[in-house]
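Enquirer: So the protein sequences, as listed, match chains A and B. Just so you know, numbering that gives the first Met the number 0 puts 44 at position 45 of the first sequence, and the rest follows in order with no gaps. Just so you know, numbering that gives the first Met the number 0 puts 37 at position 38 of the second sequence, and the rest follows in order with no gaps.
Among the hints, a few may not be true.
[To be verified] 25 Å max Cα-Cα, derived DMTMM-like pairs, lysine to aspartate or glutamate: (1) 39(A) x 42(B); (2) 61(A) x 61(B); (3) 23(A) x 344(B); (4) 182(A) x 14(A); (5) 23(A) x 61(B); (6) 122(A) x 138(A); (7) 30(A) x 33(B); (8) 99(A) x 112(A); (9) 166(A) x 44(A); (10) 15(A) x 42(B); (11) 9(A) x 80(A); (12) 30(A) x 356(B); (13) 60(B) x 138(A); (14) 23(A) x 33(B); (15) 9(A) x 344(B); (16) 39(A) x 33(B); (17) 348(B) x 14(A); (18) 15(A) x 356(B); (19) 59(B) x 118(A); (20) 150(A) x 84(A); (21) 61(A) x 42(B).
Think of the hints as simulated: they come from the structure by calculation, not from any bench.
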Amino acid sequence: MATIKVTRPKLSLLEKLYFPSIVKGMFVTFKHAVRSLRGKSIGGDSLNTSGLGVTMQYPEQKWDDHLPEYYRGVPTLVTDEQDRERCVSCQLCEFICPPKAIAIIPGEIDSDDPWAKVEKRPKEFDIDMTRCIYCGMCEEVCPEQAIFLRKDYAMTGLTRADMVNDKKRLYEIGGVRTGLVNKWNDIK
Amino acid sequence: MDPFLILIISTLVKIIGFTFMLTLPMVAYAVYAERRVSAIIQDRVGPNRTGIPLTLFGFKKDLHFAGLLQPLADGLKFFLKEEHTPSHVRKFFFWIAPVLTIVPALLTLCVIPFGSSVTVFGEQIKLVIADIDAGPLFIFAIASLSVYGITFAGWASNNKYSFFGGVRSCAQMISYEIALGLSIIPVLMVFGQLNLSDIVQYQADHGWLLLPLWGDGLSTERILLLIPLVISFVVFTISIFAETNRMPFDLPECETELVGGYHTEYSAMKFALFFMGEYAAMIVGSALIVTLFFGGWSIGFGADAAVAEMAFGGLIHLGVFLAKVIAFIIFFIWVRWTLPRFRYDQLMKLGWVVFFELALVNVFLTAGIMMLIN
């Protein structure tokens, strides 16, 4: 191994004086100020600037169009193109949920129902959004492709009860999801 | 009317007007400007929402005014916070320290000439609270007292961080006060007097100290004299930065090392008093720089005499003075958000080894040039 001797750089008088670099620094900040007042900050366009600096001003402007495919927002339940509740209340998500945010009360499907052979569907399905950590394990563990994390992120409520999504709410947000695997009938 | 009565009433009006109606709102809006300017420098937006929340009263839209009501909200917040006095502090000094920081800062205002003069009831009233013949000396004497507030706060808090802040403030003050005092001597040699309103009047007649383009005109002697004056301007401005604990020299506060420095243990209005004291000191510092080097209330370009003849021309001068001070405050803010903090020993070295000598040599340089001219 060759030894490399590192010498300290020799500073010229101007550099030692410190003053020119201060002035240079002042120009840098001034340039930033002018750019940001003109709404032409570097990188502003790609960051969806509001016209002052690179900042987006939240409730008026949103980043929703730029959210990636794999964004993990609110967990929801989905129905498929035949309007069937996909959840069979196997409770795997309830058991894997690290913060224990999910609570399911399973229910039986009546024998005269067209989907009687599925046997079970949830009677109650609550996800407590004050507990949820958006980890996506419920989605990963679901054998029925019934629970998905959507791109919604603005979950708000005035009380704790408001923050619990019940079954109706979950299907409302989740909506219909097409193109999923169907194992209970012959479609596809 | 009785001239004595007019004197008393006008002085009262000036005290209330300049201190409470001009400077304190300026302090509040300096904080707002600090936040907005720093945001703009850093490509952000800053507080731009605080306005009148009309939606609370059933209207469709809130009024924002670009966040101009933010200082009110800040003040309200300070009033609503808990005033906590820790049990391990020296109560007396702990309580007196915030007062000792803000009072000197506001006290120094009284010798700053805010404008020329207005004529009321046939009496000429100078727009300066106390027209004394020792302006700069008075300011230095009183402004130095504000270090007591910081040191008391640091010591009485009985907390290592605060203590360091207080000690640093003390050492910093000592090393900069000398350069501050010496750097102003060439200026006073040129003016030949210490009365600040006469100094400004002189600049209005003969051209600003750093911009002598009118009045006597720009002769070779004045250009020669500009060299020491620019040096003394630079030293004085940097010393004012140190004196007001502003950014390159904000070692007593020093959030990154000392949590909050001397005001770590303070909350609510006691903290607000420190905060206001710091900004008031910044305003007084800017006012002093403007008064000494940039012609105070003078409009310049030979327009002052005509304005001064008007009965309320003093108010125009007041506006000009405020514009200059605001420009300087923005400069202060700009510097704060550009430069990193000095290390402690660097600051001491700069004060004792560089500026002290520079200011001292500068005095003799000025004397030599003045001798040469005469």
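Enquirer: If a hint holds in the structure, say so; if it doesn't, say that too.
Expert: Now the hints, each set against the structure:
| no. | hint | in the structure |
| --- | --- | --- |
| 1 | 39(A) x 42(B) | holds (10 Å) |
| 2 | 61(A) x 61(B) | holds (20 Å) |
| 3 | 23(A) x 344(B) | holds (24 Å) |
| 4 | 182(A) x 14(A) | violated (74 Å) |
| 5 | 23(A) x 61(B) | violated (41 Å) |
| 6 | 122(A) x 138(A) | holds (19 Å) |
| 7 | 30(A) x 33(B) | holds (17 Å) |
| 8 | 99(A) x 112(A) | violated (32 Å) |
| 9 | 166(A) x 44(A) | violated (41 Å) |
| 10 | 15(A) x 42(B) | violated (30 Å) |
| 11 | 9(A) x 80(A) | violated (74 Å) |
| 12 | 30(A) x 356(B) | violated (35 Å) |
| 13 | 60(B) x 138(A) | violated (40 Å) |
| 14 | 23(A) x 33(B) | holds (21 Å) |
| 15 | 9(A) x 344(B) | holds (22 Å) |
| 16 | 39(A) x 33(B) | holds (22 Å) |
| 17 | 348(B) x 14(A) | holds (17 Å) |
| 18 | 15(A) x 356(B) | holds (18 Å) |
| 19 | 59(B) x 118(A) | violated (51 Å) |
| 20 | 150(A) x 84(A) | holds (20 Å) |
| 21 | 61(A) x 42(B) | holds (18 Å) |
The structure shown violates the earlier hints numbered 4, 5, 8, 9, 10, 11, 12, 13, 19.
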